Structure formats: structure tokens, C-alpha cells
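Undergrad: As a plain string of letters, each chain reads:
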Amino acid sequence: MTAADAARGPSGSVTTMLRDASLVLAKDLRLEWRSRVIVSQVVPFAVLVLVLFAFALDPDRRTLTEATPGLFWLAVLFSTLLALQRAFGVEAADGVTDALRLSGLDPAGIFLGKAAGIAVHLLALQVVLGLGVTLFYGATPHGPVLLVCTCLAATAGLAAVGSLYGVLAAGMRVRDTLLPLLLLPVVAPVLIAATEAFAAAYDRSSGEGWRWFGLLAVFALLYLAMGIFAFEPLLEES
Amino acid sequence: MNTHTSGPREGRTGTGARVLRVHPDGTASPGSRTFGLVLIVALVAFGAFALVLSPADSGAQASENEMGQLVRIMYVHVPVAIASYLAFLVTAVGSIAYLWKKTEGWDLLAAASAEVGVVFTGLTLATGSIWGHIAWGTWWEWDARLTSTLLLFVMYLGYLALRRAVLDPVVRAKRSAVVGLVAFVNVPIVHYSVDWWRSLHQTATISRFDPTIDGLKLFALLFGMVVVQALYVWLMIHRFRLQFAEARLESKGLDVALAERRAEAAADTTSPLVGAPKGTN
Numbered sequence: 104m105t106a107a108d109a110a111r112g113p114s115g116s117v118t119t120m121l122r123d124a125s126l127v128l129a130k131d132l133r134l135e136w137r138s139r140v141i142v143s144q145v146v147p148f149a150v151l152v153l154v155l156f157a158f159a160l161d162p163d164r165r166t167l168t169e170a171t172p173g174l175f176w177l178a179v180l181f182s183t184l185l186a187l188q189r190a191f192g193v194e195a196a197d198g199v200t201d202a203l204r205l206s207g208l209d210p211a212g213i214f215l216g217k218a219a220g221i222a223v224h225l226l227a228l229q230v231v232l233g234l235g236v237t238l239f240y241g242a243t244p245h246g247p248v249l250l251v252c253t254c255l256a257a258t259a260g261l262a263a264v265g266s267l268y269g270v271l272a273a274g275m276r277v278r279d280t281l282l283p284l285l286l287l288p289v290v291a292p293v294l295i296a297a298t299e300a301f302a303a304a305y306d307r308s309s310g311e312g313w314r315w316f317g318l319l320a321v322f323a324l325l326y327l328a329m330g331i332f333a334f335e336p337l338l339e340e341s
Numbered sequence: 023m024n025t026h027t028s029g030p031r032e033g034r035t036g037t038g039a040r041v042l043r044v045h046p047d048g049t050a051s052p053g054s055r056t057f058g059l060v061l062i063v064a065l066v067a068f069g070a071f072a073l074v075l076s077p078a079d080s081g082a083q084a085s086e087n088e089m090g091q092l093v094r095i096m097y098v099h100v101p102v103a104i105a106s107y108l109a110f111l112v113t114a115v116g117s118i119a120y121l122w123k124k125t126e127g128w129d130l131l132a133a134a135s136a137e138v139g140v141v142f143t144g145l146t147l148a149t150g151s152i153w154g155h156i157a158w159g160t161w162w163e164w165d166a167r168l169t170s171t172l173l174l175f176v177m178y179l180g181y182l183a184l185r186r187a188v189l190d191p192v193v194r195a196k197r198s199a200v201v202g203l204v205a206f207v208n209v210p211i212v213h214y215s216v217d218w219w220r221s222l223h224q225t226a227t228i229s230r231f232d233p234t235i236d237g238l239k240l241f242a243l244l245f246g247m248v249v250v251q252a253l254y255v256w257l258m259i260h261r262f263r264l265q266f267a268e269a270r271l272e273s274k275g276l277d278v279a280l281a282e283r284r285a286e287a288a289a290d291t292t293s294p295l296v297g298a299p300k301g302t303n
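Chains A and B supply the protein sequences, listed in that same order. Okay, so the first sequence: first residue is 104 according to the working numbering, each after it adds one. Okay, so the second sequence: first residue is 23 according to the working numbering, each after it adds one.
For the record, the hints were derived by calculation from the structure and aren't laboratory data. Only a predicted model underlies this, so the values are computations on that prediction, with no experimental measurement involved. Be aware that a few hints might be false.
[As the list claims (entries may be wrong)] Just the calculated beta-carbon pair ranges, DEER-fashion:
#, chain 1, residue 1, chain 2, residue 2, range
1, B, Leu271, A, Val117, 51 to 59 Å
2, A, Leu121, B, Gly154, 33 to 41 Å
3, A, Ala129, B, Arg186, 49 to 57 Å
4, A, Glu335, B, Leu182, 21 to 29 Å
5, B, Thr56, A, Ala159, 53 to 61 Å
6, A, Trp313, B, Ser151, 48 to 56 Å
Backbone N, C-alpha and C define an ideal beta-carbon position, used for all residues, glycine too.
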């Protein structure tokens, strides 16, 4: 690390961080391309959740249409948990965490790379879910710009705080039960804001929606900054 | 256990041993015992003011809201809520200071304060729910302040669960410091999001400058504030010392185990193959 720091110098640190981030992102995408765990397991799970919501709420079209924004984002949240467990499960096996630490990559770069990988997976998932709610619930959006911006901001926030908590719970025996308890209360504002913004986009009243988008953007920026700051001590430990 | 974690802790077993020797029967000291006695007297006096001496809210005066005896729950609810915010603030400060200084004491401070804070938040929710049941007719209302307090409660339950789940003291300290920081940073976000989401809570009585409560009722509330904050401090003294003693016990157990292994190795010196004492260091 120290040699890398010295070689990097103060001016090149941001480019190094971004280069390291792209390396980690490429690694995670290559892993997904070869294993197809997200495509073959998490995406079908998310669609299944949509179908189960219909069973629980009685497939009366109006109830489902009204609840569409909330159900969409609940499905995203549950799938986020699975995607995170996958993303950090591959790190826990075979001492990959130690290898990453020894590789001399910038910890902030590793964080951004993991977050970007999760964000790509989540965005792909949201495309499928968006088609799903249109198909199953008959919900038609009216504000495409707000819809896309909401997805991007909410995904950035989920990926940032998810990566931070994912590495935190990684390598623990109780990881699978602890991660939802830690993560879900923290991302509750994302659920509220994204649901409200989607509701505005589906109701053609997008004026209110942009305020919620602002909250999502602040959330994303805050947790990206915290991740960059806090990833190093988490990676250094033991 | 590597030398990185055991080194500084062994350096401080001196103070730890002294604390435990001075208080062989628990976490109390002469000072905290006196403090505790004063606190008991104050709690009894507070009970008298809150339950007996202060008048019920009859609605006779313009400033009253006809809450009757129900007003008395406020004397507990408001101070406990403030104490829980104070506790989580201390947890955040301890977490930041740990990430900065990397000394065990800050971690233990954050842990002790989170424990007390969770208890106080639980009390806040319970008293608020009882109040709401009578005043609003429902045990729970999806109002902004109630909802964000509930989320706060769950976040710090997660913090405590994390602390229980990690065994290595240094790893536990780092991870819980990050969670303590995230949870605290999240408080304003939760507050604003839930506030925009829906808001029907009555405006805070105490922060308004036209005093809608006065005389003995105001005194009971302010007295409650002082007593509950003092209770927080007293609980913190004991929880912190308990955490400290637990940490000492953990490292002492390790030292005892190491000493046993060394003794075994020393007993085996007849065998030329085992030159072990060097290896265990």
C-alpha cells in the first residue's frame, strides 16, 4: 500500500481510484457473465415476488395498480439483499478479501467498484421489474424522465450503503440474518422517496416527484462519501 | 489472535486490574454509590411531583388542553426521549473518535451508550403509544415522529446485534463504529423523509416560547429532564465499567490460556524436539 501511495502522488489519486474501481467492476461483471447467478436466480426471484404480491393483494387490478410503486421498490429491496449476499459471498470464499487487500488497490476504488457492480445488476433488475409491473399490474408510467432519474438515484444510494454494509457483514457466520436487520432500516428513506417519486411519475403529477428525487440524490451522495471514507478501516481489519 | 490486537490491551491491563481491584464486588465505586443514593431520592421526589403534587390538566385555564391525568405521562415521555437522543449522540461521538484514535475506550463508550439508548427509546415508544391510545384512540399512528423513532430503535437494535455477533474485539470495534456512524448520519434523512411522507403530530410544546404549560406542571417536566439525564449518566457509569471489565476478562482468559500452553511446553523440555516457548510468542 505505502509503495502504491508514494507512486501515486497527490494529483493522481482520483484517477487511480477510478481505475481501481473499473478493475473491480470489470471483475464482478465478468464473474456474473460466467456464473449468471443474478440473471438465473435473483431476477426470477424478483418476478416471483411480483406474482406473490398479486396473490396477497387479490388480483383486483385497481389495488395492484395503486400499490405498484411501493410493490416495485419492495421487490427491488428484497432483491438487493440477495444481490449483496452474492456480491460479498464471492469475496468471502478462498480469501479473496485478503487478496484484494494485498493487491494494493485503493480501498475507495474497491468500494466504488463493488457499488458500481451492484448498481449495474440492480438497474438490469429494475428494467425487468418495470416490464413486470406493466404486464402483470397494468400500470403505465407517464413521466419517463422522472422515472429513469429516480431509478438511477435510488440505485446509487442502495448500492452505496449496500456495499458498505455488505463488506461489514462479510465473513461473519450470521451474515445472512444480520445484513437485512442492519440494511433495511437504513434504506427505509430510499423506499419512501422512490415510492413517492414513482407514484408522482405514474400519476402525471411529477412536480412533487422531483423533491423526492432530490432526497434520493442527497442520500446517494452522502453514502458514497461515507463509503469512500469508511471502507479502508473495514478492509484493513484483523 | 495476533500481536496487533493483544499488544495495546496488555499495555492497559494495569489500569484495568486497578479498577477491578478497587471494586471487587461489582461496577460501583464510593462516588457512584453516593450518586445512586441521590438519584433514588430525586426519583422519589420526581414521582411525587409528577404523580401527586402537580395538578391534572383540567382545561380550566386557556393554556390547558383537557388532557386530565393523561398529562402526567408527558413528564416521563419527553425527558426519556431527549435522553435517548443524547445517548445516540454519545454513541456517534464514540464511533467517530474510535475511527480516529483507535483506542478501546471510545468503542466501549459507544457500546454502553447504545445499550442505554435502546432501552430509553423503547420506553419512549411505549409511553408514547400509551398516550396515543388514550389521546388519539389508537395504539399506533403512522405519524412522522413515531415512525422515525421506531426506525431509530430498529437501527440501534441492529447495532447491538452486530456487537454480539463479532468476537474479535478490534474487528467488532471497527465494524460497529462504522454502523454507529451510519445510523447517526441517517437520523436526519429518516426524519425528513418520514416528515414529508406524513405529518400530523402535535407541535412540540416545550420548544414554543409561549408557555402552554406553567407552574408545577412545568416544574415537574423540567425536574424530570434533570432526573432522567442523571439516570442516563448513572447507567452509563455502570455499563461502561461492565464493558471494561468484560474486555479485561476476555484478554485475561487469553493470557491464562497462553500461560497454560507455555507451562505445558516448559514441562516438556525433557524432549529435545520441543523448543516451544519461543514459538508461542
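Undergrad: Enumerate the violated hints, using their earlier numbering and listing them in ascending order.
TA: Those not satisfied are hints 1, 2, 3, 6.
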